[in-house]
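If you read the sequences in order, they're chains A and B.
Our numbering puts the first sequence at residues 31 to 191.
Our numbering puts the second sequence at residues 11 to 588.
If you're looking for bench data, these hints aren't it; they were derived computationally from the structure.
Among the hints, a few may not be true.
Said to hold, decoys possible - Here are the simulated BS3-like pairs of lysine-lysine, each with C-alpha atoms no more than 25 Å apart in a straight line: (1) B:K192 - A:K104; (2) A:K104 - B:K150; (3) B:K318 - A:K94; (4) B:K150 - A:K34.
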Amino acid sequence: MIEKHTIIVTVTNRVGILARITGLLAQRGYNIESAIAAPTENPDIYKIILVVMETDENVEQITKQLNKLIDTIKVTDISHKNNYIVREYIIVKVTLNSRTRSEVLDLMRVFEAKPIDLATDHLIVELTGHVRKIDRFIELLKPFGIKEFVRSGEFAMTEYN
Amino acid sequence: MKGAEILIDALIHEGVDTVFGYPGGVVIPIFDVLYQTDKIRFILTRHEQGATHAADGYARATGKVGVCLVTSGPGATNTITGIANARMDSIPIVVISGQVATGNIGTDAFQETDMVGLTRSISKHNYLVKNVEELPSILKEAFYIARTGRPGPVAVDIPVNVSNSILRNYKYPSEVFLPGYKPVTNGNQKQIEKLAYAIKSAKKPLLYTGGGIISADASAELLALLDKTNVPIVITLMGLGSIPTDYPTFLGMPGMHGTMAANLALTECDLLIGVGVRFDDRITGLRDQFATQAMVAHIDIDPAEIAKVIKPQIPVVGDAKKILQELIMKVQPRPKDEWNERTNAWKNQYPMTYDQATESDILPQYVIDRVSALADPETIIVTDVGQHQMWAAHYYKHRQPRAFLSSGGLGTMGFGLPAAMGAAVGRPDRTVVSISGDGSIQMNIQEFATCAINNIPVKVVILNNSYLGMVRQWQEMFWDEHYSQTCLKRGPNCPPKCTGPRPDCPSVYIPDFIKIAEANRIHGYRATKPSEVDEVLKTGLAQSGPVIMEFIVKSLENVYPMIPSGKPISAIIPGRSS
Numbered sequence: 031m032i033e034k035h036t037i038i039v040t041v042t043n044r045v046g047i048l049a050r051i052t053g054l055l056a057q058r059g060y061n062i063e064s065a066i067a068a069p070t071e072n073p074d075i076y077k078i079i080l081v082v083m084e085t086d087e088n089v090e091q092i093t094k095q096l097n098k099l100i101d102t103i104k105v106t107d108i109s110h111k112n113n114y115i116v117r118e119y120i121i122v123k124v125t126l127n128s129r130t131r132s133e134v135l136d137l138m139r140v141f142e143a144k145p146i147d148l149a150t151d152h153l154i155v156e157l158t159g160h161v162r163k164i165d166r167f168i169e170l171l172k173p174f175g176i177k178e179f180v181r182s183g184e185f186a187m188t189e190y191n
Numbered sequence: 011m012k013g014a015e016i017l018i019d020a021l022i023h024e025g026v027d028t029v030f031g032y033p034g035g036v037v038i039p040i041f042d043v044l045y046q047t048d049k050i051r052f053i054l055t056r057h058e059q060g061a062t063h064a065a066d067g068y069a070r071a072t073g074k075v076g077v078c079l080v081t082s083g084p085g086a087t088n089t090i091t092g093i094a095n096a097r098m099d100s101i102p103i104v105v106i107s108g109q110v111a112t113g114n115i116g117t118d119a120f121q122e123t124d125m126v127g128l129t130r131s132i133s134k135h136n137y138l139v140k141n142v143e144e145l146p147s148i149l150k151e152a153f154y155i156a157r158t159g160r161p162g163p164v165a166v167d168i169p170v171n172v173s174n175s176i177l178r179n180y181k182y183p184s185e186v187f188l189p190g191y192k193p194v195t196n197g198n199q200k201q202i203e204k205l206a207y208a209i210k211s212a213k214k215p216l217l218y219t220g221g222g223i224i225s226a227d228a229s230a231e232l233l234a235l236l237d238k239t240n241v242p243i244v245i246t247l248m249g250l251g252s253i254p255t256d257y258p259t260f261l262g263m264p265g266m267h268g269t270m271a272a273n274l275a276l277t278e279c280d281l282l283i284g285v286g287v288r289f290d291d292r293i294t295g296l297r298d299q300f301a302t303q304a305m306v307a308h309i310d311i312d313p314a315e316i317a318k319v320i321k322p323q324i325p326v327v328g329d330a331k332k333i334l335q336e337l338i339m340k341v342q343p344r345p346k347d348e349w350n351e352r353t354n355a356w357k358n359q360y361p362m363t364y365d366q367a368t369e370s371d372i373l374p375q376y377v378i379d380r381v382s383a384l385a386d387p388e389t390i391i392v393t394d395v396g397q398h399q400m401w402a403a404h405y406y407k408h409r410q411p412r413a414f415l416s417s418g419g420l421g422t423m424g425f426g427l428p429a430a431m432g433a434a435v436g437r438p439d440r441t442v443v444s445i446s447g448d449g450s451i452q453m454n455i456q457e458f459a460t461c462a463i464n465n466i467p468v469k470v471v472i473l474n475n476s477y478l479g480m481v482r483q484w485q486e487m488f489w490d491e492h493y494s495q496t497c498l499k500r501g502p503n504c505p506p507k508c509t510g511p512r513p514d515c516p517s518v519y520i521p522d523f524i525k526i527a528e529a530n531r532i533h534g535y536r537a538t539k540p541s542e543v544d545e546v547l548k549t550g551l552a553q554s555g556p557v558i559m560e561f562i563v564k565s566l567e568n569v570y571p572m573i574p575s576g577k578p579i580s581a582i583i584p585g586r587s588s
């Protein structure tokens, strides 16, 4: 069954590591939904968080291939685990007019989204939360007219050590 | 110490005695240091592809890391095929390329190519050295990564200003720091016990071993396991020579051009024990119908190979030598039984034969047979890629590991001559015979000059059928004899739609390989009749230097058995007459 998998790849911070990882997935024919590379508390260690739509068997193979990269320290597929905090960040530019203004502002209040910029015909909003919350927020904003949005992609952290 | 001096010092520390390569603008500083040392033998090839294959052949024959040194740009890109070839066959080589100065990287400078980008997907690992401070540790890591775990090629790209920079307090590191690279060598005890038990309970166990046995130096262990258990065994192209061809339970090479016995055993076995193999599509045929009766055990040093193609019930990750040692202790002796009789009967029922007596043309199989009989038993055989490669695999009598060197995974025509050259440099104590086709030999034919000028005594057998035989065979069998661009005699006066040899075919083969020998000032001999084969081989093998021995063989001979591409093993075609 093809489903979404979030994979955390812990790597040593060496030149070109992101290219190695994305290149590896492309080379073996896997599609990346999103990828984030970010530094950690240890400047020598980076975390790369990948979201892929694949079967369990393919994810097992992806995980092994990622582990095989010399600079990879650890690979974790967190999709079937519940001890992870997963978050995403989004900026949305939504169409606004006098008729829709209060409804949009209500929606923002419910989701605890923050306004970033307000213009005569649109509003730019930011929101952080679980991926499902972000999806729902977009869904509910759609009827008002979304001009543009940018999602960060998922990032995640284990609850315990 | 200068970067270039550090590089040469590192090579000496790593025990490198030979480097193959070609100079160029950005590596002059390195070649200047080579000029001043007598500790490293440099073999100047005539093409960088030749240098890379030579390093590969050196590594295969000696078990040491092969080294190749080239310039940036075209020098670097010419190594690509060689690197991909080494990667597919898990051969440890280190390819050092020059690069434009760090300040010019990204400006499309003269002879600039993104070597790290180009080799990312075909190397085990690669490096661009950004400053001289990191050069020592990168070189240490490069050699360590190339030879440990599952071996493979490592590319190191060194900008010219790094070679010229001075590092104070240089000391070659004694250890590597690679927190992400810790190859597992010890197999899981429980899995090994499970495997020992599975061998005991199986009615039809089969060993399927490959290049992993050679790289792990596990031939002795494999033989001991066989002696104790009498399990029938099939060995892939990459593993030939792990045990002698005449070992009683050896059934031959499996797969697309495998023996009937090997393929029937694969289909019928109830326990399949893969060791140092990767269930390549040329072995499995149609994957869904591969070894459907069998419980599968897979021993491999690379965890990513486990379940990549076939999901095993008993996975064992680790070093084949260590795991086999433990398996031998844990497994119970197994007497020969009905399964041994059955597999042996297949061997007798479907022998690999040919009938030279009824042919006026030389049969290629006969030439291989005679090489096997007349060459020293310790000979290292190197092949190119195509029909001759399969005939060499089947008809040569393999006697020891690291003595059959062939481009397995990538199937690189042009591998043979330079790889044989590397093998001969690495093992001057051995006779090295390169078996080629008339197509393959022309792909790196410039290396005859390297052999001749350095007196590298490679004995080159050319089986000349004037065709790109393997592709022609497919065209004959599956494409209605549409011999599209596979005839090497074809000229402008030939009929547009040729379906095979005719009386008015061009009579002359170009080039004349004997004249190629003469042009390189080496001996060349040609046999056109079966009666001349032995004489040519005896004369050629007796020469002290490099030799060309050309055999004009039957042009339309096919390799059998054959499993058509993408078909299950059961679709095997045993031979022309069947």
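Are any of the numbered hints broken by this structure? If so, which, sorted upward? Hint 4 is the one this structure does not satisfy, whereas the remaining hints hold.
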